Amino acid sequence: MKILIQGGRVIDPATGRDELGDVAIATGRIVAMGRVPADFSPDRQIDARGHVVAPGLVDLAARLREPGHEHGGMLESELGAAAAGGVTSLVCLPDTDPPLDEPGLVEMLKFRARKLSRARLFPLGALTRGLAGAVLTEMVELTEAGCVGFGQAEVPVADTQLLLRALQYASTHGYTVWLRPQDAALGRGVAASGAVATRLGLSGVPVAAETIALHTIFELVRATGARVHLCRLSSAAGVEIVRRAKADGLPVTADVSINSLHLTDVDIGYFNPAMRLTPPLRQGRDRDALRAGLADGTIDALVSDHTPVSVDAKTLPFGEAEPGGTGLELLLSLALKWGRDCGLSLPATLARVTCEPVKVLGDALGSLSSSAGRLVEGGVADLCVLDPDAEWRVMPEQLKSQGKHTPFGFADSGMLLPGQVQATLVAGTVAYQQQAG
Amino acid sequence: MLSRRNPQLNAHGELIHLLSVEGLPKAVLTQILDTAGTFLSVNDREVKKVPLLRGKSIFNLFFENSTRTRTTFEIAAKRLSADVINLDIARSSTAKGESLLDTIANLSAMHADMFVVRHSESGAPYLIAQHCAPHVHVINAGDGRHAHPTQGLLDMYTIRHFKQDFANLRVAIVGDIVHSRVARSDIHALSTLGVAEIRAVGPKTLVPGDLREMGVHVFHDMKEGVRDCDVIIMLRLQNERMSGGMLPSASEFFKSYGLTEDKLSLARPDCIVMHPGPINRGVEIDSQVADGRHSVILPQVTFGIAVRMAVMSIIAGNEA
Chain P
34 MKILIQGGRV
44 IDPATGRDEL
54 GDVAIATGRI
64 VAMGRVPADF
74 SPDRQIDARG
84 HVVAPGLVDL
94 AARLREPGHE
104 HGGMLESELG
114 AAAAGGVTSL
124 VCLPDTDPPL
134 DEPGLVEMLK
144 FRARKLSRAR
154 LFPLGALTRG
164 LAGAVLTEMV
174 ELTEAGCVGF
184 GQAEVPVADT
194 QLLLRALQYA
204 STHGYTVWLR
214 PQDAALGRGV
224 AASGAVATRL
234 GLSGVPVAAE
244 TIALHTIFEL
254 VRATGARVHL
264 CRLSSAAGVE
274 IVRRAKADGL
284 PVTADVSINS
294 LHLTDVDIGY
304 FNPAMRLTPP
314 LRQGRDRDAL
324 RAGLADGTID
334 ALVSDHTPVS
344 VDAKTLPFGE
354 AEPGGTGLEL
364 LLSLALKWGR
374 DCGLSLPATL
384 ARVTCEPVKV
394 LGDALGSLSS
404 SAGRLVEGGV
414 ADLCVLDPDA
424 EWRVMPEQLK
434 SQGKHTPFGF
444 ADSGMLLPGQ
454 VQATLVAGTV
464 AYQQQAG
Chain L
16 MLSRRNPQLN
26 AHGELIHLLS
36 VEGLPKAVLT
46 QILDTAGTFL
56 SVNDREVKKV
66 PLLRGKSIFN
76 LFFENSTRTR
86 TTFEIAAKRL
96 SADVINLDIA
106 RSSTAKGESL
116 LDTIANLSAM
126 HADMFVVRHS
136 ESGAPYLIAQ
146 HCAPHVHVIN
156 AGDGRHAHPT
166 QGLLDMYTIR
176 HFKQDFANLR
186 VAIVGDIVHS
196 RVARSDIHAL
206 STLGVAEIRA
216 VGPKTLVPGD
226 LREMGVHVFH
236 DMKEGVRDCD
246 VIIMLRLQNE
256 RMSGGMLPSA
266 SEFFKSYGLT
276 EDKLSLARPD
286 CIVMHPGPIN
296 RGVEIDSQVA
306 DGRHSVILPQ
316 VTFGIAVRMA
326 VMSIIAGNEA
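Just so you know, the sequences run in chain order P and L. Take our numbering: the final residue in the first sequence is number 470, and no numbers are missing along the way. Take our numbering: the final residue in the second sequence is number 335, and no numbers are missing along the way.
Read the hints as simulated data drawn from the structure, not as lab findings. Since we're looking at a predicted model, the values are computed, not measured. A few of these clues could be false.
Label pairs and their in silico Cβ distance ranges [stated by the list, open to error]:
id	chain 1	residue 1	chain 2	residue 2	range
1	L	Met125	P	His104	21 to 31 Å
2	P	Glu103	L	Arg227	44 to 54 Å
3	P	Trp425	L	Arg20	16 to 26 Å
4	L	Gly52	P	Glu273	50 to 60 Å
5	L	Asn80	P	Gln468	28 to 38 Å
6	L	Ser264	P	Gln194	31 to 41 Å
Just so you know, even glycine gets a beta-carbon here, dropped at the ideal spot from N, CA and C.
One chain only, chain P, in its complex shape (with noise of 0.2 Å):
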């Protein structure tokens, strides 16, 4: 199939290119871009005038449910929603039922994705078995099954000898760990301690649960120097840490998530279960240092933290709902909006959801890794056709993914969201096209 996407503003964030001109596509790949050969001949066009032409998104952290939770999504739901969103690739947590601790389900969930032909699936395995925070897993088997690296997703571990030992595993083999800093014992509330938490009873989870975890994390990467990546920073302390980490030299790289960059704690209004959410949502300084931290690079790449949640398990009282808001599809927009907010150019916005999550993964793509998140000549043509001035309202029940919990719909957050995605191609094959009208 040979694919011909016209006239569009193409975007390359990693080289800076941003000039219009054609993309043309041939068995998966990008063959030229800017002026295409007059003897390419397509089978198929996209009109792309108006529009512009960007990498395929890179979204670090996605669940899909499977397996376990499929009342929450499935991998169909879940990988329809990534493609409807602009993404290409995802990273998916070991959060599952049962984990993913052994070989035999990560290749599982490697083959169906395939099968589904929709966004590539990077799954990340679980460090200790069973999630359990006492064992480790076979690290190399399950990197030869697919996982690109190693976590705990929202189970911290509490046994700091473990977790040393987890990183000087890992690290003999080049593997990197990926870790929510979160205390144990302080990470128990349901919302961040503040005013806020004081006010409506609700249990707090202090900052301190944040950083005492990121000063442990940096003391045994200084210790084993283990690559490590900071999953869901939360708190303005915590940015400033990892900045001084990042100053000295060591081998870390850090994600935040949409929640944690648009809302608040005050967003929680009348026990609002939508935004309950891991890590908590903070105050306004922490949102506004986790903006500026991402603007200036301390803060990698910004994650959907996609997490259906069947209706049954979020229609609960605010500290009984399960955490966790639906992403997938609000990932771009939700990158553009915070890009025109702190005034960032559109390469420079789209760095931080294409190439720069790109760098976080490094050799574990394989050969993926020089072109995955990048428009390449050459290179797999994972990309997306997208509007970043429509403007929309996002209606939960209309979202593909099953789970129809965001704390952005529109009758929560009142916000119109810049972006949309016109069309979605991965390996050169269209997962996605918006219809006409």
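Given the coordinates of chain P, work out where chain L should sit on it, guided by the hints.
Okay, now just chain L, sitting in the frame of chain P:
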């Protein structure tokens, strides 16, 4: 942004549910206190009933056990001639795995007019108010650490009864503020009614500094905290907090924060001492003080019935 509107009030600003004192205008609080005043005399009559809620069904839904609070609501409802159904949910349907909202839907189908809800999770009555039929009214009888609005209102009634006016009062709330829904409701009510100063007194484990953002002066020294106060509200120390990570022991708490004659002498001579009950003698309050001339703990109980009658009759008369 519908969900941002205070869910307790209808479009005309009238009270349709009582979920929290927070966000209620002064006029609504005053209306409740004034109405309670008219009901107080009913309690002294030989026939202690008025026919205001005749034919209405009020369900007491106590997801968390509390005989005392449930009884006061039951008495209030019966004195308004309503039919009262007590459901001990903690031991029935939810124990069989029924979800909160399914329970509510089932009871709504039995044509309930009002739910009086106690739940261990902060905010649970909001969820119920959001999902029940439009004609059903919800009264929060205590949710987690969040609110206990009828207790807050009866405390205000008591203060007004003994002090007439709120304007120049200095009020100290002493004890376990962090876990107390009563404290939160009192703080909101006192701020709205415009007292001169609200103090929160207790150790740092029980009195978080964030309270300052609710307009409260935080004291960790009991003597300083009660000095020159017109009203002292002692909170109940829950058994599970008496020893552990929050406090070493009940006796050490009493030593630092228990209200004794000695400490009370630092307050204003006409200071009143309140307590939401049940009291722990010798833990938060000395028997001499609990039974002494400053104590208004028993009048609080009496006023509680009238205040709950007032709330029920007012919200039953307002439409969503």
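* Asked: Taking each numbered hint in turn, which are not upheld by the structure, reported in ascending numerical order?
  -> Number 5 - this is the single hint that the structure violates.
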